[in-house]
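If you want the building blocks of each chain, they are given just below.
Protein chains: 2
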Amino acid sequence: MSTLQETNHSYKKLTVDSISKKIVAAQYSVRGAVPLRANEIKEDLKAGKHFPFSNVVSCNIGNPQALQQLPLSFLREVAALVVCPTLLNHPLPFDDEVLARAKAFLKANPTGLGAYTHSQGFSSVRGEVAAFIGARDGHPTDPASIYLTNGASEGVKMALSLVCADSESGVMIPMPQYPLYSASLALTGARAVSYALCEEEGWSTRVEDLEASYCAAVDAGTKVTAIAVINPGNPTGGVLTGQAIADILEWAYAKNLVVLADEVYQENIYVDTKRFVSFKKVLRTLESQDKCLGLQLFSFHSTSKGFLGECGLRGGYMEIINLDPAVIAQVYKLASINLCPNTLGQLAVSLMVNPPQGDSPAAKVYRTERDSILDSLKSRAARSEAMFNSIEGVSCQPVEGALYAFPKLTLPAKLIEAAEAVGQAPDLFYCMAMLDAIGVCVVPGSGFNQVEGTWHFRTTVLPSGEQFEQYLRNVPKFHREFMARFQ
Amino acid sequence: MSTLQETNHSYKKLTVDSISKKIVAAQYSVRGAVPLRANEIKEDLKAGKHFPFSNVVSCNIGNPQALQQLPLSFLREVAALVVCPTLLNHPLPFDDEVLARAKAFLKANPTGLGAYTHSQGFSSVRGEVAAFIGARDGHPTDPASIYLTNGASEGVKMALSLVCADSESGVMIPMPQYPLYSASLALTGARAVSYALCEEEGWSTRVEDLEASYCAAVDAGTKVTAIAVINPGNPTGGVLTGQAIADILEWAYAKNLVVLADEVYQENIYVDTKRFVSFKKVLRTLESQDKCLGLQLFSFHSTSKGFLGECGLRGGYMEIINLDPAVIAQVYKLASINLCPNTLGQLAVSLMVNPPQGDSPAAKVYRTERDSILDSLKSRAARSEAMFNSIEGVSCQPVEGALYAFPKLTLPAKLIEAAEAVGQAPDLFYCMAMLDAIGVCVVPGSGFNQVEGTWHFRTTVLPSGEQFEQYLRNVPKFHREFMARFQ
Numbered sequence: 000m001s002t003l004q005e006t007n008h009s010y011k012k013l014t015v016d017s018i019s020k021k022i023v024a025a026q027y028s029v030r031g032a033v034p035l036r037a038n039e040i041k042e043d044l045k046a047g048k049h050f051p052f053s054n055v056v057s058c059n060i061g062n063p064q065a066l067q068q069l070p071l072s073f074l075r076e077v078a079a080l081v082v083c084p085t086l087l088n089h090p091l092p093f094d095d096e097v098l099a100r101a102k103a104f105l106k107a108n109p110t111g112l113g114a115y116t117h118s119q120g121f122s123s124v125r126g127e128v129a130a131f132i133g134a135r136d137g138h139p140t141d142p143a144s145i146y147l148t149n150g151a152s153e154g155v156k157m158a159l160s161l162v163c164a165d166s167e168s169g170v171m172i173p174m175p176q177y178p179l180y181s182a183s184l185a186l187t188g189a190r191a192v193s194y195a196l197c198e199e200e201g202w203s204t205r206v207e208d209l210e211a212s213y214c215a216a217v218d219a220g221t222k223v224t225a226i227a228v229i230n231p232g233n234p235t236g237g238v239l240t241g242q243a244i245a246d247i248l249e250w251a252y253a254k255n256l257v258v259l260a261d262e263v264y265q266e267n268i269y270v271d272t273k274r275f276v277s278f279k280k281v282l283r284t285l286e287s288q289d290k291c292l293g294l295q296l297f298s299f300h301s302t303s304k305g306f307l308g309e310c311g312l313r314g315g316y317m318e319i320i321n322l323d324p325a326v327i328a329q330v331y332k333l334a335s336i337n338l339c340p341n342t343l344g345q346l347a348v349s350l351m352v353n354p355p356q357g358d359s360p361a362a363k364v365y366r367t368e369r370d371s372i373l374d375s376l377k378s379r380a381a382r383s384e385a386m387f388n389s390i391e392g393v394s395c396q397p398v399e400g401a402l403y404a405f406p407k408l409t410l411p412a413k414l415i416e417a418a419e420a421v422g423q424a425p426d427l428f429y430c431m432a433m434l435d436a437i438g439v440c441v442v443p444g445s446g447f448n449q450v451e452g453t454w455h456f457r458t459t460v461l462p463s464g465e466q467f468e469q470y471l472r473n474v475p476k477f478h479r480e481f482m483a484r485f486q
Numbered sequence: 000m001s002t003l004q005e006t007n008h009s010y011k012k013l014t015v016d017s018i019s020k021k022i023v024a025a026q027y028s029v030r031g032a033v034p035l036r037a038n039e040i041k042e043d044l045k046a047g048k049h050f051p052f053s054n055v056v057s058c059n060i061g062n063p064q065a066l067q068q069l070p071l072s073f074l075r076e077v078a079a080l081v082v083c084p085t086l087l088n089h090p091l092p093f094d095d096e097v098l099a100r101a102k103a104f105l106k107a108n109p110t111g112l113g114a115y116t117h118s119q120g121f122s123s124v125r126g127e128v129a130a131f132i133g134a135r136d137g138h139p140t141d142p143a144s145i146y147l148t149n150g151a152s153e154g155v156k157m158a159l160s161l162v163c164a165d166s167e168s169g170v171m172i173p174m175p176q177y178p179l180y181s182a183s184l185a186l187t188g189a190r191a192v193s194y195a196l197c198e199e200e201g202w203s204t205r206v207e208d209l210e211a212s213y214c215a216a217v218d219a220g221t222k223v224t225a226i227a228v229i230n231p232g233n234p235t236g237g238v239l240t241g242q243a244i245a246d247i248l249e250w251a252y253a254k255n256l257v258v259l260a261d262e263v264y265q266e267n268i269y270v271d272t273k274r275f276v277s278f279k280k281v282l283r284t285l286e287s288q289d290k291c292l293g294l295q296l297f298s299f300h301s302t303s304k305g306f307l308g309e310c311g312l313r314g315g316y317m318e319i320i321n322l323d324p325a326v327i328a329q330v331y332k333l334a335s336i337n338l339c340p341n342t343l344g345q346l347a348v349s350l351m352v353n354p355p356q357g358d359s360p361a362a363k364v365y366r367t368e369r370d371s372i373l374d375s376l377k378s379r380a381a382r383s384e385a386m387f388n389s390i391e392g393v394s395c396q397p398v399e400g401a402l403y404a405f406p407k408l409t410l411p412a413k414l415i416e417a418a419e420a421v422g423q424a425p426d427l428f429y430c431m432a433m434l435d436a437i438g439v440c441v442v443p444g445s446g447f448n449q450v451e452g453t454w455h456f457r458t459t460v461l462p463s464g465e466q467f468e469q470y471l472r473n474v475p476k477f478h479r480e481f482m483a484r485f486q
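Residue numbers (numbering that gives the first Met the number 0), protein chains in the order written: chain A, 0 to 486; chain B, 0 to 486.
Among the hints, a few may not be true.
Taking CB as the label site, the calculated pair distances span [as the list claims (entries may be wrong)]:
hint : chain 1 : residue 1 : chain 2 : residue 2 : range
1    : A       : T409      : B       : H117      : 49 to 59 Å
2    : B       : H117      : A       : S359      : 36 to 46 Å
3    : B       : S9        : A       : K20       : 33 to 43 Å
4    : A       : R366      : B       : P139      : 48 to 58 Å
5    : B       : A99       : A       : R484      : 47 to 57 Å
6    : B       : P139      : A       : A46       : 37 to 47 Å
7    : A       : D218      : B       : T14       : 18 to 28 Å
8    : B       : K20       : A       : R366      : 43 to 53 Å
Rather than coming from a laboratory, the hints here were simulated on the basis of the structure.
We put the beta carbon where it would ideally sit given N, CA and C, even for glycine.
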């Protein structure tokens, strides 16, 4: 190649117009404009710049250990020994049950954490997951139907990409939804078919709303293949009853839909009137009544939520139910292209589904730590909900579960005009102002999808201690002062 | 919904014809037919069934710790403390440098391993990666250009999906290739454009072969946007010289291609005549000569290979070079949809790129462990190559680097007919027979793509100790006996 040729040649760089249209189309607000601005402010604060607050409170993402929640001792102690088995030869400040558990894991999995595992994950852990599901639901579970994953997200993405044949395929997702769903569908090149949750009824899922959404999609030429349900709800905080789940399953069955059940918040229920019921349990009950026989179901769980809050470890699993063997072979192939989920995440799943039991000292410590976290989350959920409902122009449905409140904003016309003038959605404009005024980072409802003309934001119930008290004081104060500017 | 309706309804299950066409099209042989059969045999062996061998030797995948390679002490000791920081308050059998490193990591990252990190990974680790690349290549590196990933695979998949605008886009990949590339392109829905490596010249990459492949693809209507190069080579074991890299870069620049450099085997070079030179270093040198200015490059690295062999931890990074800010924003968004790479993998990257230095006790132990692994790999690479070249009908190019040999088989016509009779590619037929006869699990060349009418298989150089000695004796014996059946 001559130098002359080189010099004259103008290399065409990639541009947004020449890269993947699917990636450009995807949106992911949880780490979008408001959190990006929050990161800038954090850097500025470190550099000594002055703001009306001394630190940013990150309520944009359910990330408990970023907000002072501590990891469970049993999990981390066992994990340390499995990471570094030579420690087992030395005196340690750990309970015997910790040592025994680490040794049992290493005996079942002699290559430890350093080797690629089976594409579905350690078989010992899949066995523990199957036993957990079996005990939870009262129905036997096959370890072969379990796929360990890097968090629940990886499983959700695998399932969404699997069930969509092509660009005319569509998956029904709730409105509001967790944006992983819309983003993953965009990346797959398939269509998101939104079904509205009924805000006035505590964000309930009504069959008539499912039917309306389904029919509109079919009319638009979409091949609807699946419905995703998030229970307990993200961002809504709503919890489905067993009857509501049965209604959804029977409706999905009649439409030949696969059901994707995002059940990562199954431990996070804060009201005495509700308890977690899995889609699998309801399905098996219906099947025993000759209903919904063979309905195909995916269920997802994670170590990131519940009371573990081990977001960084990226542990999770997917259970597949009633799939054909030929399709299962495709799921396996897809998992194998990812080689295997990270091994510490797999170990965390083992410890999540198989905690210390009974009256052992380790079990007592475990339950004390667990109850302390869950009691505190329950209190913070109730106080967050009450705080929002105390503000004029804000209403918040019951925070029955999960880690979020999704309050509704009644915004004055002048504010909406001001937002339009700077090219922002009104709820984005509101959230940006909240960040600038009090350092609280939340995500506008537009990032989750919402009924047109309504405005919301999602916040977590995760700030704790004095930070939470400040948050409870500052949010109403900000709201009043900000609204006053647009009367 | 009435029971009658339920009973009469026949639910349409997903079938291979109704799920994602892209997933069905993808192939991934490294965990394909031969390894699946090997897994069955392992289970049968456990159950007491009799085979002509007592255990399966898994040479299908570069998974060092599954074959007795031990993890490096420094990495695992620091990791144990970061996993369970309460250990820092107790007397431990660790060197002071281990304690200091764990404390420094926790100081830089106060939320430890339990929180989601920045979507690109811990900023402290990205800083260490940038310093490592800078020292390696002699050119400054911006931590903002580093994306930590779950192994290198995740980065490769992100880059491949980004550079393909649509289904007419194509990426040039070597033949033979690591099947992650063809599988990921199939999942993206884009085209794989194979360019042949020259086997007779030690699997070299020749510009005339690139040109021929490129022109044929363009003639077929493919918009070629990128070229992937694996150096050191997988499955070939070949190592590129700086001049060869410069030739590839200059050619890619003239064609407006993005270059994806898979450099995960950069520590695995076994011949004194070759050393690792990064694509980045060569690019920066060319740019200093006013050549290839602004050529866009992705480079990938991993904790799974080299001498760490930490496959299960899923640590890795991607460096992006010369990308436009608007495209970088899309890369960031894609990373953020994955939330963050697993944190233990991130810590492993930190310890890979920033090992203990100088004359400290920890550094001496580290170097002793490293050299022992690399010396042994070097010996096994040379002995594997010599063993294959000692067999009539088998030839093997120099195993200069990486973890694999890719010997070529000259197969008799009768064997090819026998394979066709059972519907198998001849090299798959051969590999299945090897597994059944001596328990050695390798992957047929057809899984990596090969020049039509040639047959190969990939094996790792990872068996060790007595297992390796047996392997060296058994493979030639199997070959002779199997060939004798088809004369």
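Comparing the hints with the structure gives:
{"no.": "1", "hint": "T409(A) to H117(B): 49 to 59 Å", "in the structure": "violated (35 Å)"}
{"no.": "2", "hint": "H117(B) to S359(A): 36 to 46 Å", "in the structure": "holds (39 Å)"}
{"no.": "3", "hint": "S9(B) to K20(A): 33 to 43 Å", "in the structure": "holds (38 Å)"}
{"no.": "4", "hint": "R366(A) to P139(B): 48 to 58 Å", "in the structure": "holds (53 Å)"}
{"no.": "5", "hint": "A99(B) to R484(A): 47 to 57 Å", "in the structure": "holds (52 Å)"}
{"no.": "6", "hint": "P139(B) to A46(A): 37 to 47 Å", "in the structure": "violated (22 Å)"}
{"no.": "7", "hint": "D218(A) to T14(B): 18 to 28 Å", "in the structure": "holds (25 Å)"}
{"no.": "8", "hint": "K20(B) to R366(A): 43 to 53 Å", "in the structure": "holds (49 Å)"}
Of the hints listed earlier, those the structure fails to meet are numbers 1, 6, in rising order.
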